[in-house]
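Listed in order, the protein sequences are those of chains A and B.
Residue 273 in numbering that gives the first Met the number 0 sits at position 274 of the first sequence; the count goes up by one each step and never skips.
Residue 383 in numbering that gives the first Met the number 0 sits at position 384 of the second sequence; the count goes up by one each step and never skips.
For the record, the hints were derived by calculation from the structure and aren't laboratory data.
The reader is advised that the hints may include incorrect statements.
Here are the simulated DSBU-like cross-link-like pairs (lysine-lysine), alpha carbons at most 35 Å apart as the crow flies [what the hints assert, rightly or not]:
id, chain 1, residue 1, chain 2, residue 2
1, A, Lys164, B, Lys231
2, A, Lys87, B, Lys332
3, B, Lys237, A, Lys87
4, B, Lys121, A, Lys87
5, B, Lys350, A, Lys44
6, B, Lys350, A, Lys87
7, A, Lys213, B, Lys116
8, A, Lys149, B, Lys332
9, A, Lys149, B, Lys121
10, A, Lys385, B, Lys312
11, A, Lys44, A, Lys191
12, A, Lys385, A, Lys219
13, B, Lys312, A, Lys149
14, B, Lys33, A, Lys164
15, A, Lys113, B, Lys116
16, A, Lys79, B, Lys32
17, A, Lys44, B, Lys303
18, A, Lys191, B, Lys303
19, B, Lys345, A, Lys149
20, A, Lys385, B, Lys33
21, B, Lys162, A, Lys87
22, A, Lys44, B, Lys312
23, A, Lys79, B, Lys332
24, A, Lys87, B, Lys345
25, B, Lys231, A, Lys113
26, B, Lys345, A, Lys44
27, B, Lys231, B, Lys350
28, A, Lys318, B, Lys116
29, B, Lys303, A, Lys190
30, A, Lys149, B, Lys350
31, A, Lys164, B, Lys32
32, B, Lys121, A, Lys385
33, A, Lys410, B, Lys237
34, B, Lys369, A, Lys164
35, A, Lys78, B, Lys332
Chain by chain, the residues:
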Amino acid sequence: MEPPMAQTADTAKTSYQGQMHLLQKEIMGRYFERVTRAAEQGDGKAVFMLISGNPVELVHAFDMIPVYPEIDALQLAVKKAALPFIQKAEELGYSMDNCAYVKADVGLFLGGRKTPFATIPLPSLILCNYVGCNVYLQWFEHLAEYCDGKIYNLDIPFMRDPSGKPSPEDIAYVVHQLEEVIAICEELTGKKLDWDKLKRIVALSGETGELWAKIKSLTKHIPSPFDNYFDSVTMMAPLYCLRGTEDGLKFFQTALREMEEKVQMGSGPLPEERFRFVIEGPPPWPYLRTFRDLFAKWGAVAVASTYSTVGGLWEFGFKHDPNRPLESIAEHMLQWNVTNRNFLQRYEQIRRYIQEWSADALVIHSVKSCRLFSAGQGDMREYFTKELGIPTLLIESDLEDPRYFSEAQIKNRIDAFFESLEHRKLTHKTQAAGATL
Amino acid sequence: MTTVESILSRYREPLENFPLELAADWKKRHADKKLVGCYPVYHPVDLIHAAGMVPVGVIGGGNRLEIAHADSRFQSFVCSIVKSTLELGLTGRLDFLDGIVFHSICDPARNLGSVFKRNFPKLMVDYIHFPQNMTSPYTIDYLASEYLRLKTSYEALTGRPIKDDDLRRSIALFNEQRRLLRELYAIRAEQPENLSTVESYVLLRIGTLMPPEEHIPILKEALADIRARKEKPKDRIKVVLEGSFCEQPPLELIESLEAAGCYILDDDFLLGWRWFLEDIATDGDPLRNLANGYLRQSVYSGVKHDTREPKAKHLIDKVRETGAAAALILSAKFCEPALFDYALYKRALEKEGIPHLFLEFEEKMWIFDKARTEIETFVESMLFD
Numbered sequence: 000m001e002p003p004m005a006q007t008a009d010t011a012k013t014s015y016q017g018q019m020h021l022l023q024k025e026i027m028g029r030y031f032e033r034v035t036r037a038a039e040q041g042d043g044k045a046v047f048m049l050i051s052g053n054p055v056e057l058v059h060a061f062d063m064i065p066v067y068p069e070i071d072a073l074q075l076a077v078k079k080a081a082l083p084f085i086q087k088a089e090e091l092g093y094s095m096d097n098c099a100y101v102k103a104d105v106g107l108f109l110g111g112r113k114t115p116f117a118t119i120p121l122p123s124l125i126l127c128n129y130v131g132c133n134v135y136l137q138w139f140e141h142l143a144e145y146c147d148g149k150i151y152n153l154d155i156p157f158m159r160d161p162s163g164k165p166s167p168e169d170i171a172y173v174v175h176q177l178e179e180v181i182a183i184c185e186e187l188t189g190k191k192l193d194w195d196k197l198k199r200i201v202a203l204s205g206e207t208g209e210l211w212a213k214i215k216s217l218t219k220h221i222p223s224p225f226d227n228y229f230d231s232v233t234m235m236a237p238l239y240c241l242r243g244t245e246d247g248l249k250f251f252q253t254a255l256r257e258m259e260e261k262v263q264m265g266s267g268p269l270p271e272e273r274f275r276f277v278i279e280g281p282p283p284w285p286y287l288r289t290f291r292d293l294f295a296k297w298g299a300v301a302v303a304s305t306y307s308t309v310g311g312l313w314e315f316g317f318k319h320d321p322n323r324p325l326e327s328i329a330e331h332m333l334q335w336n337v338t339n340r341n342f343l344q345r346y347e348q349i350r351r352y353i354q355e356w357s358a359d360a361l362v363i364h365s366v367k368s369c370r371l372f373s374a375g376q377g378d379m380r381e382y383f384t385k386e387l388g389i390p391t392l393l394i395e396s397d398l399e400d401p402r403y404f405s406e407a408q409i410k411n412r413i414d415a416f417f418e419s420l421e422h423r424k425l426t427h428k429t430q431a432a433g434a435t436l
Numbered sequence: 000m001t002t003v004e005s006i007l008s009r010y011r012e013p014l015e016n017f018p019l020e021l022a023a024d025w026k027k028r029h030a031d032k033k034l035v036g037c038y039p040v041y042h043p044v045d046l047i048h049a050a051g052m053v054p055v056g057v058i059g060g061g062n063r064l065e066i067a068h069a070d071s072r073f074q075s076f077v078c079s080i081v082k083s084t085l086e087l088g089l090t091g092r093l094d095f096l097d098g099i100v101f102h103s104i105c106d107p108a109r110n111l112g113s114v115f116k117r118n119f120p121k122l123m124v125d126y127i128h129f130p131q132n133m134t135s136p137y138t139i140d141y142l143a144s145e146y147l148r149l150k151t152s153y154e155a156l157t158g159r160p161i162k163d164d165d166l167r168r169s170i171a172l173f174n175e176q177r178r179l180l181r182e183l184y185a186i187r188a189e190q191p192e193n194l195s196t197v198e199s200y201v202l203l204r205i206g207t208l209m210p211p212e213e214h215i216p217i218l219k220e221a222l223a224d225i226r227a228r229k230e231k232p233k234d235r236i237k238v239v240l241e242g243s244f245c246e247q248p249p250l251e252l253i254e255s256l257e258a259a260g261c262y263i264l265d266d267d268f269l270l271g272w273r274w275f276l277e278d279i280a281t282d283g284d285p286l287r288n289l290a291n292g293y294l295r296q297s298v299y300s301g302v303k304h305d306t307r308e309p310k311a312k313h314l315i316d317k318v319r320e321t322g323a324a325a326a327l328i329l330s331a332k333f334c335e336p337a338l339f340d341y342a343l344y345k346r347a348l349e350k351e352g353i354p355h356l357f358l359e360f361e362e363k364m365w366i367f368d369k370a371r372t373e374i375e376t377f378v379e380s381m382l383f384d
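Model the full assembly from the supplied sequences, consistent with the hints where possible.
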């Protein structure tokens, strides 16, 4: 049954189209052209990396091209082009139960590397920045077997200490490895690292991260000026591909300006903000719009999300420091991204979001592909509902494989959840009114 | 003299019921001793022993454990061992432990460490980040510092320092245990008719549930018994088994595999308890020796991610060196590392012209007919090809 106050999906305004989006298209278009030129004309050397806590600054310092198989996989999913690649990988022996990001990418890698958005070059360096995700190690190990690119496992010790901080030994270990990566890049490009250039890039990263943190804190306003999940993901591609470049900085300056204007105008992504929620887990890329609309019709806005912190967690005060370029890249990789933090640190991050971003509820989107995110989310739900009394919804699908998305089932769960949340709000209001009478 | 037969009749049933009860019973008889659980694959058990404690292999719940609570915490697509380990904890079956240590083997195991920390606040829960960069000269410094951190944790648990000489003595003791286990495996590879896989499995598994001081004499007597055996080889195909390095298949499944017509010359069961290819040095800095052992003297493991050689090289070598005719990939259901490895194994085995069979199992499985039929068909196709 449709709730009386809910709007239908087509009347709900679910995205904001401003300068920022045009600029995003333009700069990401340029980036993918560069990627394609490297593939088709051999113009430039590609470094394959992973999103989590990526050290993109080093890659830019050598004018090499960062290529993220995760971005390629998610673009395929968004464009509903992933399934044939996934199936190709499964024919080769990959399991139904393996991460579908990897399968889509392997299918693509062995199947011509052509996508609707770019042609993917062969890597000169397969830089496995192992930041928390064990599948990363498998993924790049496999790519290395399928081509001649050099592989380097950049090992990032996991945040296992009760303090939640890296030890001096952890930092020293990562810095030594970054120096080895520099030596490899010097050999591949035939030029020495320009330290001044690296410092400039790290400074740009610092500014970009700070802007991003400011943008993300704007969603503390009521109403929230944008959706800190569905709109944040649009900003993530420039954050990873173009962080440390002038293009990237300009994009985030524009984005901040526009979002601040929206705060001034008191406008948000929906005509009316009725619920504020925090969301945990990656989105279902093949059904992103459908998924978004299921929340939009309830007037529900995501005010914070853990997924938007996989590549880096800037909103709690981290900033790259150009005077300590390698140490600060190491700290970013170790401590300042969600994937290298332990599961309980994630609980704490979500708890802060709920409190500081004034959210009504937590939605956990559990995806089969990404066990780093999902394994144990039942315990997370237990903690938030039983220990903290936060209304929590857990729904399951996948980030890449369209076969795992059941719209009717997810819709029922979401509707039932917001219906009860609405009921709860009304009861609270009545009780509050009763108390003042 | 203790025979292998008598060891099996003593231990097989407990291992098939609740393996950890063997360790829990031991604790009842040694109330003053502290026990630390080790989640697979590998743990530097020498360090626990040097602290005056007993390392215990917490390697799943077997097929008699009903999962009633843990499946609301871990989803349906997570492997059984993660859930059974939590279930053991939630039902009080791990209460005899003073600590438990997880490590970076896979993502669910990593999160399980945190879930344990939250749900069992009285238990010491630690986590080792094993290095995944096997090529950097700095890795050894890192790993030695990680072991030092862990050592400090154990010292806090027992309230007394671990001296270097204590650790050297423990390493020497485990060297002896590992040497005997290597001999056990060498016999299987050379004369599989004289030692079945189930027998060697039981002999190894009990070592994860008692102190090495008790396990070593059992192993010695068993080996003397085995060395005297002179069985006639049966008409079976010789295989090496790979993929069961974490969650363990039920004994009945292992037995079915052999009964279906195979000699399993080598396997990766309980790999962490026979982790080293040679003795760890007992002179010099013992933490560094253990770290060096991990990086340079350890067995192949898919979760070690060594980029120095192709993924399937060790498997191809093993088939060639043992003279096996085929490879049997026995992977736990939902075990992402093993399932990923399989894609590369398949490719390499096909390229080398080595026949293989891929089977999935779950520790909680009860019915073995399907697996048995598959392996029988495979064996027949090999024998009559």
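Hint check:
no.	hint	result
1	A:Lys164 x B:Lys231	violated, 60 Å
2	A:Lys87 x B:Lys332	holds, 21 Å
3	B:Lys237 x A:Lys87	holds, 32 Å
4	B:Lys121 x A:Lys87	violated, 48 Å
5	B:Lys350 x A:Lys44	holds, 31 Å
6	B:Lys350 x A:Lys87	holds, 19 Å
7	A:Lys213 x B:Lys116	holds, 34 Å
8	A:Lys149 x B:Lys332	holds, 32 Å
9	A:Lys149 x B:Lys121	violated, 46 Å
10	A:Lys385 x B:Lys312	violated, 50 Å
11	A:Lys44 x A:Lys191	holds, 15 Å
12	A:Lys385 x A:Lys219	holds, 25 Å
13	B:Lys312 x A:Lys149	holds, 18 Å
14	B:Lys33 x A:Lys164	holds, 29 Å
15	A:Lys113 x B:Lys116	violated, 46 Å
16	A:Lys79 x B:Lys32	violated, 59 Å
17	A:Lys44 x B:Lys303	holds, 29 Å
18	A:Lys191 x B:Lys303	holds, 32 Å
19	B:Lys345 x A:Lys149	holds, 23 Å
20	A:Lys385 x B:Lys33	holds, 33 Å
21	B:Lys162 x A:Lys87	violated, 56 Å
22	A:Lys44 x B:Lys312	holds, 29 Å
23	A:Lys79 x B:Lys332	holds, 28 Å
24	A:Lys87 x B:Lys345	holds, 15 Å
25	B:Lys231 x A:Lys113	violated, 59 Å
26	B:Lys345 x A:Lys44	holds, 31 Å
27	B:Lys231 x B:Lys350	holds, 34 Å
28	A:Lys318 x B:Lys116	holds, 30 Å
29	B:Lys303 x A:Lys190	holds, 33 Å
30	A:Lys149 x B:Lys350	holds, 22 Å
31	A:Lys164 x B:Lys32	holds, 32 Å
32	B:Lys121 x A:Lys385	holds, 20 Å
33	A:Lys410 x B:Lys237	violated, 53 Å
34	B:Lys369 x A:Lys164	violated, 49 Å
35	A:Lys78 x B:Lys332	holds, 31 Å
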